[in-house]
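S.K.: Sequence:
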Amino acid sequence: MAIGDLRLMDTLKTKMQWHQARQRLLAENVANSDTPRYKARDLRQPVLAEAPNPSGVQATRVPAVQLAVTEAGHVAGRGGDKGFKSDSSSKFEVTANGNAVDLEDQMAKSAENQLDYQTAASLYQQSLALIRTALGRK
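UniProt numbering numbers the first residue of the sequence shown as 1 and each following residue consecutively.
If you're looking for bench data, these hints aren't it; they were derived computationally from the structure. In this text the structure is predicted, and so the values were computed from the model without any measurement. Worth double-checking, as some hints may not be accurate.
[Claimed, not checked] Between beta-carbon pairs, the in silico distance windows are:
{"no.": "1", "residue 1": "Q126", "residue 2": "T70", "range": "47 to 53 angstroms"}
{"no.": "2", "residue 1": "S127", "residue 2": "N32", "range": "34 to 40 angstroms"}
{"no.": "3", "residue 1": "D5", "residue 2": "R41", "range": "31 to 37 angstroms"}
{"no.": "4", "residue 1": "G98", "residue 2": "Q125", "range": "56 to 62 angstroms"}
{"no.": "5", "residue 1": "Q126", "residue 2": "R24", "range": "25 to 31 angstroms"}
{"no.": "6", "residue 1": "A129", "residue 2": "A100", "range": "43 to 49 angstroms"}
{"no.": "7", "residue 1": "R137", "residue 2": "D34", "range": "51 to 57 angstroms"}
{"no.": "8", "residue 1": "T35", "residue 2": "A2", "range": "20 to 26 angstroms"}
{"no.": "9", "residue 1": "M107", "residue 2": "D10", "range": "26 to 32 angstroms"}
{"no.": "10", "residue 1": "E93", "residue 2": "R24", "range": "51 to 57 angstroms"}
{"no.": "11", "residue 1": "K39", "residue 2": "T14", "range": "24 to 30 angstroms"}
{"no.": "12", "residue 1": "A21", "residue 2": "V69", "range": "49 to 55 angstroms"}
[Said to hold, decoys possible] Taking lysine to any residue and the SDA-like style, the derived pairs with C-alpha atoms no more than 20 angstroms apart in a straight line are:
{"no.": "13", "residue 1": "K109", "residue 2": "Q23"}
{"no.": "14", "residue 1": "K109", "residue 2": "A40"}
{"no.": "15", "residue 1": "K39", "residue 2": "A108"}
{"no.": "16", "residue 1": "K109", "residue 2": "S33"}
{"no.": "17", "residue 1": "K109", "residue 2": "Q20"}
{"no.": "18", "residue 1": "K109", "residue 2": "L25"}
{"no.": "19", "residue 1": "K15", "residue 2": "Q45"}
{"no.": "20", "residue 1": "K13", "residue 2": "Y117"}
{"no.": "21", "residue 1": "K15", "residue 2": "Q126"}
{"no.": "22", "residue 1": "K109", "residue 2": "A121"}
{"no.": "23", "residue 1": "K13", "residue 2": "E93"}
{"no.": "24", "residue 1": "K13", "residue 2": "Q45"}
{"no.": "25", "residue 1": "K15", "residue 2": "P46"}
{"no.": "26", "residue 1": "K109", "residue 2": "D10"}
{"no.": "27", "residue 1": "K13", "residue 2": "V47"}
{"no.": "28", "residue 1": "K15", "residue 2": "A111"}
{"no.": "29", "residue 1": "K39", "residue 2": "M107"}
The beta carbon of each residue, even a glycine, is placed where N, CA and C say it ideally should be.
Based on the sequences and whatever the hints tell you, model everything.
M.R.: Shown next, in the form of structure tokens:
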């Protein structure tokens, strides 16, 4: 069995390749930040296959629990998670020349992409080290 045949290694390899392609595209967006009528582009996250469950037991989602309020002052049920919601609004600024590249957004995406790539690369290296250990090699 080749290392590339292992699902984890193949998934991490695919993830790292996607991050490399995304970094090139984000750099292209930054490079064209002054180009008239240029619109920023991005890649969609790849859909990675889930690992099969060897035990055959199907995992089920547990429904959310609603807290019972026995006294009005016990649980403040209003707005407890206001600060934790993500901003889903679409920021889209267009300059006078029609350019739609937001440099701050592109730099934030680039930093996030770099961290995700480093995480995947670290997992790949650790997995290789575990395989080498299992084979009795250093």
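S.K.: A separate judgement is required for each hint: does it hold in the structure or not?
M.R.: Tested hints:
1. Q126 x T70: 47 to 53 angstroms: holds, 49 angstroms
2. S127 x N32: 34 to 40 angstroms: holds, 37 angstroms
3. D5 x R41: 31 to 37 angstroms: holds, 34 angstroms
4. G98 x Q125: 56 to 62 angstroms: violated, 44 angstroms
5. Q126 x R24: 25 to 31 angstroms: holds, 26 angstroms
6. A129 x A100: 43 to 49 angstroms: holds, 44 angstroms
7. R137 x D34: 51 to 57 angstroms: Since the Cβ atoms of R137 and D34 sit about 52 angstroms apart, the hinted range of 51 to 57 angstroms holds.
8. T35 x A2: 20 to 26 angstroms: violated, 44 angstroms
9. M107 x D10: 26 to 32 angstroms: At 31 angstroms between Cβs, range holds.
10. E93 x R24: 51 to 57 angstroms: violated, 23 angstroms
11. K39 x T14: 24 to 30 angstroms: Holds: the Cβ-Cβ distance is about 27 angstroms, inside 24 to 30 angstroms.
12. A21 x V69: 49 to 55 angstroms: holds, 50 angstroms
13. K109 x Q23: OK: K109 and Q23 at ~9 angstroms, within 20 angstroms.
14. K109 x A40: Holds, at about 12 angstroms.
15. K39 x A108: holds, 17 angstroms
16. K109 x S33: holds, 15 angstroms
17. K109 x Q20: holds, 13 angstroms
18. K109 x L25: holds, 11 angstroms
19. K15 x Q45: holds, 9 angstroms
20. K13 x Y117: holds, 10 angstroms
21. K15 x Q126: Satisfied, since the Cα-Cα distance of roughly 16 angstroms is no more than 20 angstroms.
22. K109 x A121: Since the Cα atoms of K109 and A121 sit roughly 18 angstroms apart, the hinted pair holds (cutoff 20 angstroms).
23. K13 x E93: The given pair, whose Cα atoms are some 35 angstroms apart, is violated under the 20 angstroms limit.
24. K13 x Q45: holds, 14 angstroms
25. K15 x P46: holds, 8 angstroms
26. K109 x D10: At roughly 24 angstroms apart (the allowed maximum being 20 angstroms), D10 and K109 break the hint.
27. K13 x V47: holds, 13 angstroms
28. K15 x A111: holds, 16 angstroms
29. K39 x M107: Cα-Cα ~15 angstroms, so holds.
The structure does not agree with the numbered hints 4, 8, 10, 23 and 26 stated previously, though it agrees with the rest.
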